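Student: Once you've looked at the hints, dock chain B against the given chain A.
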Amino acid sequence: MNLQTALVVLRKELLDIVRDHRALMFGLILPLLMYPLLAVMIGPLTIVRHGKMMTEPVRVAITENSVPEVRSWLEKVPNVKVIDSSDPTGDVVADRLDVVVACEDDVQAKLDRHETVHLTLSYDPARMASLYGMQRVRDGLDKLEAELLQIRLADANLNTEFGTPITISAHSVSPPRKVIGLKAGIVLAALIIMMITLSATYPAMDLTVGEKVRGTFETLLSTPISKADIIGGKFLALLAVTLTSVILNIASIVGTGFLFMYLIKDQVPSDTLSQFVTLSPATIASMLLLLTVALVPLTFMICAAMMTAAVLARDYKDANYSLTPAILLFCWPLAVGILFELELDAITQFVPILNTTLLFSALLAGEWTLQSFFIVCLTNLVFAAFALALTIRIFNSEDVVLSEERGIPFSFRSRSDLPSRDAPTVGLSLLLFAGAVLLMIYGALPLQSWRMLPGLLITEWLFILGLPLFALWLTKVNWRTALSLYRPSFSSWPALSSWPWRPFP
Amino acid sequence: MIEAVGLTKTFTTFRGKTVTAVSSASFRVQPGEVFGLLGPNGAGKTTLLRMLGHIIVPTSGYCVIKGVRSDQALDEIRRHIGFHSGNTKLYGRLTARETLRYFGQLSGMSTADIDARTKELAHTLAFEDLLDRRCDTLSTGQLQKVSIARVILHDPQVLILDEPTLGLDILTSQAVLKFITDARARGRAVILSTHYLTEAEILCDRIGFIHAGKIMAEGTRQELYAQTGTQNLNDAFMALAGQGAQP
Numbered sequence: 001m002n003l004q005t006a007l008v009v010l011r012k013e014l015l016d017i018v019r020d021h022r023a024l025m026f027g028l029i030l031p032l033l034m035y036p037l038l039a040v041m042i043g044p045l046t047i048v049r050h051g052k053m054m055t056e057p058v059r060v061a062i063t064e065n066s067v068p069e070v071r072s073w074l075e076k077v078p079n080v081k082v083i084d085s086s087d088p089t090g091d092v093v094a095d096r097l098d099v100v101v102a103c104e105d106d107v108q109a110k111l112d113r114h115e116t117v118h119l120t121l122s123y124d125p126a127r128m129a130s131l132y133g134m135q136r137v138r139d140g141l142d143k144l145e146a147e148l149l150q151i152r153l154a155d156a157n158l159n160t161e162f163g164t165p166i167t168i169s170a171h172s173v174s175p176p177r178k179v180i181g182l183k184a185g186i187v188l189a190a191l192i193i194m195m196i197t198l199s200a201t202y203p204a205m206d207l208t209v210g211e212k213v214r215g216t217f218e219t220l221l222s223t224p225i226s227k228a229d230i231i232g233g234k235f236l237a238l239l240a241v242t243l244t245s246v247i248l249n250i251a252s253i254v255g256t257g258f259l260f261m262y263l264i265k266d267q268v269p270s271d272t273l274s275q276f277v278t279l280s281p282a283t284i285a286s287m288l289l290l291l292t293v294a295l296v297p298l299t300f301m302i303c304a305a306m307m308t309a310a311v312l313a314r315d316y317k318d319a320n321y322s323l324t325p326a327i328l329l330f331c332w333p334l335a336v337g338i339l340f341e342l343e344l345d346a347i348t349q350f351v352p353i354l355n356t357t358l359l360f361s362a363l364l365a366g367e368w369t370l371q372s373f374f375i376v377c378l379t380n381l382v383f384a385a386f387a388l389a390l391t392i393r394i395f396n397s398e399d400v401v402l403s404e405e406r407g408i409p410f411s412f413r414s415r416s417d418l419p420s421r422d423a424p425t426v427g428l429s430l431l432l433f434a435g436a437v438l439l440m441i442y443g444a445l446p447l448q449s450w451r452m453l454p455g456l457l458i459t460e461w462l463f464i465l466g467l468p469l470f471a472l473w474l475t476k477v478n479w480r481t482a483l484s485l486y487r488p489s490f491s492s493w494p495a496l497s498s499w500p501w502r503p504f505p
Numbered sequence: 001m002i003e004a005v006g007l008t009k010t011f012t013t014f015r016g017k018t019v020t021a022v023s024s025a026s027f028r029v030q031p032g033e034v035f036g037l038l039g040p041n042g043a044g045k046t047t048l049l050r051m052l053g054h055i056i057v058p059t060s061g062y063c064v065i066k067g068v069r070s071d072q073a074l075d076e077i078r079r080h081i082g083f084h085s086g087n088t089k090l091y092g093r094l095t096a097r098e099t100l101r102y103f104g105q106l107s108g109m110s111t112a113d114i115d116a117r118t119k120e121l122a123h124t125l126a127f128e129d130l131l132d133r134r135c136d137t138l139s140t141g142q143l144q145k146v147s148i149a150r151v152i153l154h155d156p157q158v159l160i161l162d163e164p165t166l167g168l169d170i171l172t173s174q175a176v177l178k179f180i181t182d183a184r185a186r187g188r189a190v191i192l193s194t195h196y197l198t199e200a201e202i203l204c205d206r207i208g209f210i211h212a213g214k215i216m217a218e219g220t221r222q223e224l225y226a227q228t229g230t231q232n233l234n235d236a237f238m239a240l241a242g243q244g245a246q247p
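As given, the protein sequences belong to chains A and B, one line each in that order. If you count by our numbering, then the first sequence holds residues 1 to 505, one letter each, in order. If you count by our numbering, then the second sequence holds residues 1 to 247, one letter each, in order.
Keep in mind that the hints were calculated from the coordinates and are not lab data. Treat the hints with care, as some may be off.
[Claimed, not checked] In silico lysine-lysine, DSBU-like type, Cα no more than 30 angstroms apart, as pairs:
1. B:66 / A:227
2. B:89 / A:317
3. A:81 / A:183
4. A:110 / A:76
5. B:214 / B:119
6. A:183 / A:143
7. B:89 / B:119
8. B:89 / A:227
9. A:52 / A:76
All values reported here derive from a predicted model rather than from experimental measurement.
Same shape as in the complex, but just chain A:
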């Protein structure tokens, strides 16, 4: 690749992108505006709603079996308002009540006999007010229960520790930074991967398929530069735009986060977040630097993969169909990292996307090593180089200039409308593959677990052979050429005839 020529292409592409209002809007302006606007619009609402829930009295009713003792207990709980209700459960569902307390009839008698009184709190977890209300009522009753216990112990001339033979306290050996960092790292990685993917989608399409749609593709190909130079320049442009967009996104999120924390500083006391705040400026700076450095090979890899997916498309619709599976593909390792709580080790550091997710966690938790950092960055760069080489290879193929039918041969009228063909289209092959996989999972597995031999026969003759043959017949594909079935040559007949008598393994 000639770097000078690639830079000429890069400059032109950047100029083109800067003058494209959609690319500017979605890549640069929207990320800057979206988060502060969301914070300004949603933040005060959340604060007001949260404050209202904390200050408004909890509406509580007691079931018909109520007794005066329980009512007096509830009235002692701060900020609780006891309301009479003929249908307490219905009122909770209808948001006329927050909590219903049910108890037995003989509360006083049980208390007198020093027995246990059982109370049931009914609430609606779908409503935050009801959920918070239940917690506040429960906290209040817990305090009351402790007071009653003290009275009973005093009546029995027992000391206060008699009722608590064992107390248990848990102590975390991990520093709060590690606990929060491991979780926050995955969230941060997920957010950044989504940002990179979304930021790269439109430019990747515009830089590749956009040339075809606008009719400038052949103009570019008619110039005396290699296709590697074209792809190189376009890739650098995609990388520059995506990185700029992602950095703006992150800057906007950080700025909005500080603004939001400032707005709610009096409302949310946070012991855990303060752990991060108490990190030294040097630690925070080095953490941000390492995250930024790790971001570059990750962006490099995602951009290269997106370009590979987009380069063969003929139009924007085609490109959308190519890029959507690529985006989903990036989510899989992320999901695996979240679900299985994996760690960065000798295997996971070589799995793209997953390795960066785990590296971000390790960086935030302060549990990273220089070796794993370099391996992750290098792995991403190697994958990116492979993707880029593949893009150049595809770009070199004439399929990008000349296109053929790739969809599924289909007619709403009859099979006779379809042309005969010697090989299935790409669309038909993919559909057959998907159908066969589904049949193997939902058909073959249950059949074989039910009866092994018939299950195997049905799997092989019906699912593996029958389905493709039927599809080939239906779409008028020549099954001999499609399945590469040729008459053996004369010289191969002796070997073929000896096959039935081969030694059984």
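Tutor: Relative to the frame of chain A, chain B by itself:
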């Protein structure tokens, strides 16, 4: 001078069939000569021109320009070619000047050369006042002028023009025809594909008739008339098309 030697292009379609779009096309175009490529739709004209312009690679055969073979020094060959077709549009968001600068740089020209050549071509093709306007604000005729300037910016020895007057009004078509005449006068080898037989009669020194991927006849107009026993290009075209359609 450009020489096509046995240019063949076959495609394997997704249906698994091998289609020969162009079969063993050989001809030679001298400097200061306009070679017309005529033929019905689907005859293989665009594929042949794309091979000559090195947009696609021939399955077999090669081109020779100034003694250099395309299968031996492709990059060198491409510097001598100016390619224009209905599919070579311009970037709408760039101005005419930026467009010419971009393609000049891709052709390996220096900034000073690009600026001087831009000034010269804008004057010759009369679009000086359009230089700093974005291409998406230009009319079809204005775009065609910029497009022609793009093709000849690096002063190529060979011009490949695929239906350059398609969809243009009479005035713009005349400007394009004058440009071709001037290119011939300056000693450029021009390969012109057109459906307008009048243009071919006016411009072409020699004509090749292509049908079903094969060059069925090649020569001056008089030679084609004699070969087909006709008196004009229209009749010659119909006679050759009829021959080509026979099994």
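Student: So, for every hint listed, does it hold in this structure?
Tutor: Do the hints match the structure? See the list:
Between residue 66 of chain B and residue 227 of chain A the CA atoms are separated by roughly 24 angstroms; this keeps the pair inside 30 angstroms, and the hint holds. Straight-line distance between C-alpha atoms of residue 89 of chain B and residue 317 of chain A comes to about 21 angstroms, which keeps the hinted pair within the 30 angstroms bound. At roughly 39 angstroms between alpha-carbon atoms, residue 81 of chain A and residue 183 of chain A are farther apart than 30 angstroms, so this suggested pair is violated. Simply put, residue 110 of chain A and residue 76 of chain A have alpha-carbon atoms about 20 angstroms apart, close enough for the 30 angstroms limit, and the pair holds.
A distance of roughly 42 angstroms separates the Cα atoms of residue 214 of chain B and residue 119 of chain B; the hinted pair therefore is violated under the 30 angstroms criterion. For the proposed pair residue 183 of chain A and residue 143 of chain A, the alpha carbon gap of about 33 angstroms is over 30 angstroms, so the pair is violated. Of the pairs offered as hints, the one joining residue 89 of chain B and residue 119 of chain B holds, with about 21 angstroms between alpha carbons and a cut-off of 30 angstroms not exceeded. For the proposed pair residue 89 of chain B and residue 227 of chain A, the alpha carbon gap of about 18 angstroms is at most 30 angstroms, so the pair holds.
Taking the CA atoms of residue 52 of chain A and residue 76 of chain A, the gap is about 21 angstroms. The hint holds against a cut of 30 angstroms.
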